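So the protein sequences, as listed, match chains G and A.
Here the first sequence is numbered in numbering that gives the first Met the number 0, starting from 0 and rising by one per residue.
Here the second sequence is numbered in numbering that gives the first Met the number 0, starting from 0 and rising by one per residue.
It is worth saying that the hints were derived from the structure and are not from the lab.
This one's a predicted model, so the numbers in the text were calculated from it and none came from an experiment.
Possibly wrong hints are sitting among the right ones.
Heads up, the list lumps identical chains together, so a pair's fine if it works in one copy or across two of them.
To be verified - Calculated pairs, DSS-like style, for lysine-lysine (alpha carbon to alpha carbon, straight line, at most 30 Å): (1) Lys306 x Lys233; (2) Lys115 x Lys186; (3) Lys306 x Lys186; (4) Lys363 x Lys192; (5) Lys363 x Lys115; (6) Lys306 x Lys40; (7) Lys186 x Lys233; (8) Lys115 x Lys183; (9) Lys306 x Lys363.
2 protein chains.
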Amino acid sequence: MTEVVIAGIGQTEVGEQWEISLRDLAYLAIRGAMEDAGGLKPQALFAGNMLSPNLSNQAHLGVLLADFSGLEGIEAYTVEAAGASGGAALRQGYLAVASGMVDTALVIGVEKFTDKVGPSVEEAYSTTTDSDFEAIQGMTPGGQAALLMRRYMYEFNVPANGFAGFALTAHANGIGNPNAMFRKAIKSEAYAKAEMVSDPLNMFDVAPNADGAAAVLLTRRDLLPERLSHPLVKIAGSAAASDTLALHDRHTLLDFTAAKLSVDRALAKAGIGLADVHFFEYHDAFSIYAALSLEAAGFAPRGEGWKMAGDGSISRAGRIPCATMGGLKARGFPGGATGVYQAVEAVTQLRGNADPSIQLNGAKIGMVQSLGGPASTAVTHILERI
Amino acid sequence: MTEVVIAGIGQTEVGEQWEISLRDLAYLAIRGAMEDAGGLKPQALFAGNMLSPNLSNQAHLGVLLADFSGLEGIEAYTVEAAGASGGAALRQGYLAVASGMVDTALVIGVEKFTDKVGPSVEEAYSTTTDSDFEAIQGMTPGGQAALLMRRYMYEFNVPANGFAGFALTAHANGIGNPNAMFRKAIKSEAYAKAEMVSDPLNMFDVAPNADGAAAVLLTRRDLLPERLSHPLVKIAGSAAASDTLALHDRHTLLDFTAAKLSVDRALAKAGIGLADVHFFEYHDAFSIYAALSLEAAGFAPRGEGWKMAGDGSISRAGRIPCATMGGLKARGFPGGATGVYQAVEAVTQLRGNADPSIQLNGAKIGMVQSLGGPASTAVTHILERI
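So that you can see chain G by itself, here it is in the shape it has in the complex (with noise of 0.2 Å):
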């Protein structure tokens, strides 16, 4: 089996990036892998985004990215899977090395939700729900979240405040750094008095809409180049399944079986147990999904996750260290991006390259999970330090 090594990895800083183009924040992405990649050139790129096409009218992305990078003659693609774009480019990109085609793989992420030039960003974000069904409706991605959560807190007794715990974690983590939208702590009496988004999800619950880019090198161990300094990093599992896209179509509200099936996959590809896992990277995108992501990968039983965000089992020293890097919550949401952020930062982490006051200790095995709308594409990544 080709063992598929990360090389490098780049990214920008996350937020309100008016100064800065869809093509510029990326090309800051790639050039800071392949510098950390030790010069590393890749022979293809796999560019992970949502909604350029209608934020930047600009389709046909990865060949203008590998293009305006000077990667000019490489094969180029955008991958597209919602919020999981990132993700799922990040599976290609995996899948091309493995396959033993491609030697090098560049996967980007990028999204830009300021500065467009298209719909709305609700309107645009829509889409990636099923359009004749539910956004025609006026359904958002927002809204699927909140009928979830309303759900949840019915079904399982939670309390107003039940979820505090994951934005709370997150803005803690998201403080060390320095490439997060927001560095700044969050009080449980904040959360309590937040705005109502779509009740009864508040302001906190909700992972902001921000642009950035971020990238990995991937390649085969034995093609690596001699001078690179930073600790290795495998892909140890690969994994991603798919749900039914619209929320009415599914057997059961509240059970992420996509989620399920693709951590399943990825730790029997990697060999482990989840037990083996360090800390994972959930896509926090409402907190809501972050505690059915910790119940479908196993972490907690059903109706449970929702506990692990007050008791502490997700914080830097808990039992499974979640948004160690702010997650999407502090981190910010940039869309197809989302995914490939996660990678880096599990990364950063491996490498023990993390600011001190959110370094774990001794991890070397971390899972990076990557959503497309309420886990209707799940994508997950073993990450382990070699």
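With chain G's structure known, arrange chain A on it following the hints.
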């Protein structure tokens, strides 16, 4: 090396399909491919689509199609590379199966130009050019082709009817293809009198936008069901390359460099030479692209590809039959489905299942090439009967 075979093919008629939705079109092709493969089910789905986020307000299409086709749970993505989206999806499916990580991959190309809910087709289609530097100035894909055609005619002294043979050949072959949009021959007088679309590009130089879906089911040879009755076709070579997205960034205007690169690499992977190729499904979105593709592949010297249109070289009995089932011009141009249609048609020829009026005798090796923009993306596959 894993041998990747095309176990099943499916397609819908190409044309204005007012009564059939995007998802229904895709389903018909998917069902066809699975039936043709003896009921084999895919583990992964790669959807080639160009404009659905704009024209149909539908992103996250991969999962929608998996879900709607009863393939719930499998991994699913959208792959986009403008007009080459279908070829790009085929390449991803190929890499996935070649990696050994995915046993069976369904590649579905689908596009729905009619019954759109978004912006005008021309506006949407122009998002595949460089939006910030080309589309914003009013450039369109047809405008790009017209610029190249004018320059080519000037540079190589091509007469006004120099490209007529491309349309004539395509329409002559389209008669024998029951799924073609146009099944009617045209005469050179009609070409000479045709209305200009973008001078010097006339109506018959432009492939018509159309609705349609095509699918191929890929697997490893050793996983094939016993009961498959049709002759088997394998993917002997697969390669892709890129060029600048914007025309004004090209080093030379009349070289389809990416097309050349992808052909050379695909032939090398297949271990054959150009002379071993029995027919060529080129991407004749515009007749000038057919000429430039013939030159890039090496079938004609620079500046002489257009001559092959008139001297019989590309007809059924010619040196290198092209557009054997009508090509983009007569079968129609269903955007991101196009590259998959080419594969389906090549398999039909290689199996010997084409209508007797267009069946090639003894064809064993076919080359299909999918282009995005003016060969900004080029994906080439070599298909071989085994």
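Can you give the numbers of the hints that this structure goes against, from lowest to highest?
1, 2, 4, 5, 6, 7
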